[in-house]
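Chemist: Residue numbers (our numbering), protein chains in the order written: chain A, 1 to 330; chain Y, 1001 to 1330; chain X, 2001 to 2330; chain R, 3001 to 3330.
Check the hints yourself; a few may be wrong.
In the DSS-like style, the derived pairs of lysine-lysine whose C-alpha atoms are separated by at most 27 Å in a straight line are [said to hold, decoys possible]:
hint, chain 1, residue 1, chain 2, residue 2
1, X, Lys-2194, Y, Lys-1194
2, R, Lys-3244, X, Lys-2227
3, R, Lys-3256, R, Lys-3030
4, A, Lys-213, Y, Lys-1313
5, R, Lys-3227, X, Lys-2194
6, R, Lys-3227, A, Lys-302
7, R, Lys-3302, R, Lys-3227
8, Y, Lys-1194, Y, Lys-1098
9, R, Lys-3209, R, Lys-3256
10, Y, Lys-1267, X, Lys-2098
11, R, Lys-3302, R, Lys-3312
12, R, Lys-3209, R, Lys-3194
13, X, Lys-2306, Y, Lys-1030
What follows is a set of in silico ranges between Cβ atoms, one per label pair, in the way DEER data are often shown [what the hints assert, rightly or not]:
hint, chain 1, residue 1, chain 2, residue 2, range
14, A, Glu-287, X, Met-2056, 39 to 49 Å
15, Y, Trp-1049, R, Thr-3058, 26 to 36 Å
16, X, Met-2056, R, Tyr-3047, 27 to 37 Å
17, A, Phe-66, R, Asp-3028, 36 to 46 Å
18, Y, Trp-1049, R, Asn-3319, 52 to 62 Å
19, X, Ser-2226, Y, Lys-1244, 50 to 60 Å
20, X, Pro-2300, A, Phe-66, 53 to 63 Å
21, A, Glu-287, Y, Leu-1063, 31 to 41 Å
22, A, Thr-52, Y, Tyr-1047, 29 to 39 Å
23, X, Ser-2096, R, Leu-3067, 35 to 45 Å
24, R, Gly-3041, A, Thr-52, 38 to 48 Å
25, X, Ser-2226, R, Lys-3011, 28 to 38 Å
Think of the hints as simulated: they come from the structure by calculation, not from any bench. All C-beta atoms in this analysis are idealised placements derived from N, C-alpha and C, irrespective of residue type, glycine included.
Protein chains: 4
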Amino acid sequence: MALLRRFRNLKSEDNTGFGTSSSGRFFDRKFGSANVGKTGGNILTRYSWYHTFLGMQTHRFLLLLFLIYILINLVFAGIYYIIGIEHLAGVHSGSSFKNFTEVFFFSAQTFTTVGYGRISPVGFMASAVSTFEAFLGLLSFAIATGLFYGRFSRPRAFLHFSNNVLISPYKDGIALMLRMSPYKNNNLSEAETKLTLAMQVEDTLPDGKSTGKMINKFYNLDIEISKINALSLSWTIVHPINDKSPFYGFTETDIKNSRMEIFVFVKAFDEVFSNTVVARWSYISSEIIWGAKFRIMYHPNKDNTKMILDLKKINSFENVKLPEIEPALN
Amino acid sequence: MALLRRFRNLKSEDNTGFGTSSSGRFFDRKFGSANVGKTGGNILTRYSWYHTFLGMQTHRFLLLLFLIYILINLVFAGIYYIIGIEHLAGVHSGSSFKNFTEVFFFSAQTFTTVGYGRISPVGFMASAVSTFEAFLGLLSFAIATGLFYGRFSRPRAFLHFSNNVLISPYKDGIALMLRMSPYKNNNLSEAETKLTLAMQVEDTLPDGKSTGKMINKFYNLDIEISKINALSLSWTIVHPINDKSPFYGFTETDIKNSRMEIFVFVKAFDEVFSNTVVARWSYISSEIIWGAKFRIMYHPNKDNTKMILDLKKINSFENVKLPEIEPALN
Amino acid sequence: MALLRRFRNLKSEDNTGFGTSSSGRFFDRKFGSANVGKTGGNILTRYSWYHTFLGMQTHRFLLLLFLIYILINLVFAGIYYIIGIEHLAGVHSGSSFKNFTEVFFFSAQTFTTVGYGRISPVGFMASAVSTFEAFLGLLSFAIATGLFYGRFSRPRAFLHFSNNVLISPYKDGIALMLRMSPYKNNNLSEAETKLTLAMQVEDTLPDGKSTGKMINKFYNLDIEISKINALSLSWTIVHPINDKSPFYGFTETDIKNSRMEIFVFVKAFDEVFSNTVVARWSYISSEIIWGAKFRIMYHPNKDNTKMILDLKKINSFENVKLPEIEPALN
Amino acid sequence: MALLRRFRNLKSEDNTGFGTSSSGRFFDRKFGSANVGKTGGNILTRYSWYHTFLGMQTHRFLLLLFLIYILINLVFAGIYYIIGIEHLAGVHSGSSFKNFTEVFFFSAQTFTTVGYGRISPVGFMASAVSTFEAFLGLLSFAIATGLFYGRFSRPRAFLHFSNNVLISPYKDGIALMLRMSPYKNNNLSEAETKLTLAMQVEDTLPDGKSTGKMINKFYNLDIEISKINALSLSWTIVHPINDKSPFYGFTETDIKNSRMEIFVFVKAFDEVFSNTVVARWSYISSEIIWGAKFRIMYHPNKDNTKMILDLKKINSFENVKLPEIEPALN
């Protein structure tokens, strides 16, 4: 705890935009966004359906489109059925079920504008409904076109992060290291990384006395090389644990016992999209490994003409002994 | 009025792009843009129909599309009717009205490219018109596709602003506070806010004499934390009313009696659109509440693992007593 | 000419990207780009057809699409005619011309996927061709959809520039002024303007002797307020003609006799497109008016609640007498 | 080799993002990206199919779409064939092959939503499959629309680079020169270029001893004018070989014998796309020509009103004698 007291002398960041009193994880790795829920107001107001459709997994998105298609046809089939199948020329009538399937397929042929014409509307009501359905069908596919384009043109960084942060030997001391690697055939350039630490510390009054409450404070972590021209191989982010680092003097146990979260924020330029892309990730105490270093994850090919990046090795590390570090003065 | 005289010593901004002589509201909250009308020239020149379609409310947009669809079909129905229904094979002819509905539905079936084929064009004229109509139909839906995509891919900030600006206690003095909160499932990062004050003051000659006219001058308002890394919770903008503030020495009455407008301009990066989004808002004198402070609008969830942002509370505040402030020296 | 000699002491710009030996206009107002032609290589290499389609006027674009539609149908009609109309069931055969129109309309019905079915392909060849034509039709409309969207979503500044640059009284001296105004319902913010002067001067050797040749040199022109927060009214760009200005000491005749071009470059953020937009314009000697000032082009509305921008007045100015200026020392 | 030793005193760049041990070309001119392969993990994970479709040559892209179209129809034709052609009304049945072609064409008419109706589904199974096929058809063309738009709206620089880097006379010494030129009707402004040199040098220990291994080090090359306002003519990039240049003291033989690569990175603003575009290129030792200078590739047109850029001349140079340079002190 004495260790945490020195945090009072470190400049904390006030502009992270996170609250200070939560004790859960701030960042939700799965959704890549802040771990914040919303309540109050209309649910339709709280969700941008476009953002929702864009964030959905592909197979769910396709299934949802198909269900909407079936649902719309069921509704229109119902309407045609109520109008009466005698207003649809060419229907092979039979049992109620058979009749309903006939109008359902007629509806689908109208909605998709296939319009074979074996079944066709006769009379005002059926014709009017099919006129509207064909219009609706084309608009629906206009929306679907937009969604598809929105989904696959959405600029994404396609970066994998290592599962763990390692405390590795670095120059004469130690450093905190994590690694990222592009995993698709996109070209990222002018990449830039920021590391921020959220640490739960004692809340203190201006006179230095503890209030007995724990609050979260945020600290910027310096990075050796925080900008890189081209991000085509793996990139190891190095935060040297020197006397300017909040981790200075921490032992393995100190880290295990701290409630902390390290946020990674990467910004890069995607040369295919010609757009800025961002990626975020975070690590908590239990994801920090003391005394380990990453194995290089790329190697020249056989004839030594190009580099091969081995994506399987993103989490590959070996345990190493760290140099002795003097305990921090408390 | 003595109070307003000290404005002469404050540096005003010349680059706001607003005129100085209006006495209405500069900013139109509803449209989110400057309260400026345009006249002169052709109306088609003055409107970008794409901007107009993008800004329209969804139900109006859909209704407009439907009306255009009906209108186009009425026009083509008229043309087919003039050509003569005998050039449309399969028409169930009858009364003039019935004949017209038949050609109307044929037109719709052509425009949407359903083409059931119960009715089909025979002869040169009817065939030529339907050839053109089908072409027009596909182009129309191409345009509609573009409009739909333009509408829902349009980068927007989705930010709610508090209805009021509060004058709250802050440190040893007071501050002007307003609040914003994201209300949808979008991720905003690197947000930045600017506050500008438009104040109606006496116009003075270079020698310091008043011209007796009132003009608008613009002042930048300093913000304690004007940039924030992630805008996932609410963000309270704090302008401390110290001796650098234009409001220094103002009493509640001074504020009520001033003709002023406070502009908020927010710029952020939307991580889904990978684009910069902006939001604007403004407050006038009657929207400033003296002696109140915002209630926190987020709280941890039951098991303390995530923050819950309660959108209903954006305008929630409680009245508080402000510390005594020495009257400004006039 | 003595006047031009002082240009030797002004710092010229080397990075305009224009050549120095042309004597025509550098900037083409109509196309809004540099007045440069290209030769050599394949014409298909020299043109980006997408840029070409985007830059085309609307009525030409629509006409071109229609002509392509007719052309494709003529080609396919020819193919079906060669295959033989007996492979198209339902054709009302007659004269060669009538037969050709029948296959032409069948082609159109296939290309647009209307497919009424009165005429339908029978046999391998006709069916195969129509299978391909329908595929081609859908791809064509996919491309058309992209072009339409590309055209109307293309970020443009929608700015009008005054036809003339005025030499107006300004503070105790004179200034060069030009004016721009947004003319559509778009919202521009954070606008920034640069003025560059291209002046034909004597080419000199390092020892100061003239080579007798005239070359173009480029000079940056300082602007009083070169950035503006919101561009919702007209914006007058003011270049004070003081001793730092290349125009210092110029008389009306000096301006008339100079071969010069003033480039305007405006960059702004369009809040609807959420994108940077740019506009360019240029003025030559004969477009500079000596002794005139712009009339204000906006006024409050009747009830003084909003500003009205009168687009007709963009070129409205009145002649004024300029203050006496001491002739420059040569 | 003595020459290479002086590289120890030059500040090398650590943030290029390239590995240091490869001996092949770092940059792949054909793909315009780093010469890096990927291995490990799922192939579907390694490729962004959208980036792949966007990068494909046009004729391959179209052919691929057509093959997918044929393939899908073959699959559905197989399904209809299994269901039985008696469930398709209007089929002209005959041999197995003829029957299969009939269902194949029916499938195509459904997938493209032409739906002539000569052949139409009867009964539950055939109708259900065609209902699904029409849905799939429309989605496929929605995806195709997105791909087409993605392909032609993809911001590209359209820049040609000279095949060679020249060592030319420059002022009193020599300079390394390369040239780029826009070749399409796009407008590039605010262009900026960076040159980086990758040089294979001896790896040295901190005490200055060689390890006997060769590693790649990266050096920034200064450019005389690295930013340009408008890139409408050719742009010659000039790196003066003075005492700050890594090439200082190099002879023609030194260059031939070095293993090096010069990277060019250009960033510009495309005024049609209103977007930033980038271009990359690289040169290796054998592409450097000693003692040559570029011929100007533009000239005024006949009536001297505009500049003509002759794209054929991008690689046009003449051999020249370089001034004597004192050998570098080793």
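Chemist: With reference to the structure, classify each hint as holding or not holding.
Modeler: Right, here's what the structure says about each hint:
Under the criterion of a C-alpha separation no larger than 27 Å, the hint pairing Lys-2194 (chain X) with Lys-1194 (chain Y) is consistent with the structure, at around 24 Å. Between Lys-3244 (chain R) and Lys-2227 (chain X) the alpha-carbon distance is near 38 Å, which puts this suggested pair outside the 27 Å criterion. Restraint check for Lys-3256 (chain R) and Lys-3030 (chain R): satisfied, since their Cα atoms lie roughly 23 Å apart, inside the 27 Å limit. A threshold of 27 Å between alpha carbons decides the hint, and for Lys-213 (chain A) with Lys-1313 (chain Y) the separation of about 26 Å falls inside it, so the pair holds.
Note on Lys-3227 (chain R) and Lys-2194 (chain X): the hinted pairing holds, with a Cα-Cα distance of about 15 Å set against a maximum of 27 Å. For the proposed pair Lys-3227 (chain R) and Lys-302 (chain A), the alpha carbon gap of about 41 Å is over 27 Å, so the pair is violated. Note on Lys-3302 (chain R) and Lys-3227 (chain R): the hinted pairing is violated, with a Cα-Cα distance of about 31 Å set against a maximum of 27 Å. For the proposed pair Lys-1194 (chain Y) and Lys-1098 (chain Y), the alpha carbon gap of about 64 Å is over 27 Å, so the pair is violated.
Taking the CA atoms of Lys-3209 (chain R) and Lys-3256 (chain R), the gap is about 26 Å. The hint holds against a cut of 27 Å. Straight-line distance between C-alpha atoms of Lys-1267 (chain Y) and Lys-2098 (chain X) comes to about 64 Å, which puts the hinted pair past the 27 Å bound. For the suggested pair Lys-3302 (chain R) and Lys-3312 (chain R), the alpha carbons sit about 19 Å apart, so the restraint of at most 27 Å is met. For the suggested pair Lys-3209 (chain R) and Lys-3194 (chain R), the alpha carbons sit about 32 Å apart, so the restraint of at most 27 Å is broken.
Restraint check for Lys-2306 (chain X) and Lys-1030 (chain Y): satisfied, since their Cα atoms lie roughly 14 Å apart, inside the 27 Å limit. In this structure the hint that Glu-287 (chain A) and Met-2056 (chain X) lie 39 to 49 Å apart at CB is violated, the actual value being about 56 Å. The given range of 26 to 36 Å is respected by Trp-1049 (chain Y) and Thr-3058 (chain R), whose C-beta atoms sit roughly 32 Å from each other. Hint check: Met-2056 (chain X) to Tyr-3047 (chain R), Cβ distance near 36 Å, so the stated range 27 to 37 Å holds.
Range check, Phe-66 (chain A) to Asp-3028 (chain R): Cβ separation about 41 Å, and the 36 to 46 Å hint holds. A C-beta distance of roughly 59 Å is found between Trp-1049 (chain Y) and Asn-3319 (chain R), which places it inside the suggested range of 52 to 62 Å. Checked against the hint of 50 to 60 Å, the C-beta distance between Ser-2226 (chain X) and Lys-1244 (chain Y) comes to roughly 26 Å, which is inconsistent with it. Hint check: Pro-2300 (chain X) to Phe-66 (chain A), Cβ distance near 57 Å, so the stated range 53 to 63 Å holds.
For the pair Glu-287 (chain A) and Leu-1063 (chain Y), the supplied restraint of 31 to 41 Å is violated, since their beta-carbon distance comes to about 53 Å. Under the hint 29 to 39 Å, the C-beta atoms of Thr-52 (chain A) and Tyr-1047 (chain Y), about 32 Å apart, fit the expected range. Between Ser-2096 (chain X) and Leu-3067 (chain R) the beta carbon distance is about 37 Å. The supplied range of 35 to 45 Å therefore holds. Restraint check, Gly-3041 (chain R) to Thr-52 (chain A): a C-beta distance of roughly 28 Å breaks the suggested window 38 to 48 Å.
At roughly 36 Å, the beta-carbon separation of Ser-2226 (chain X) and Lys-3011 (chain R) lies within the given 28 to 38 Å, and the hint holds.
Hints 2, 6, 7, 8, 10, 12, 14, 19, 21 and 24, counting from the list given before, are not met by this structure.
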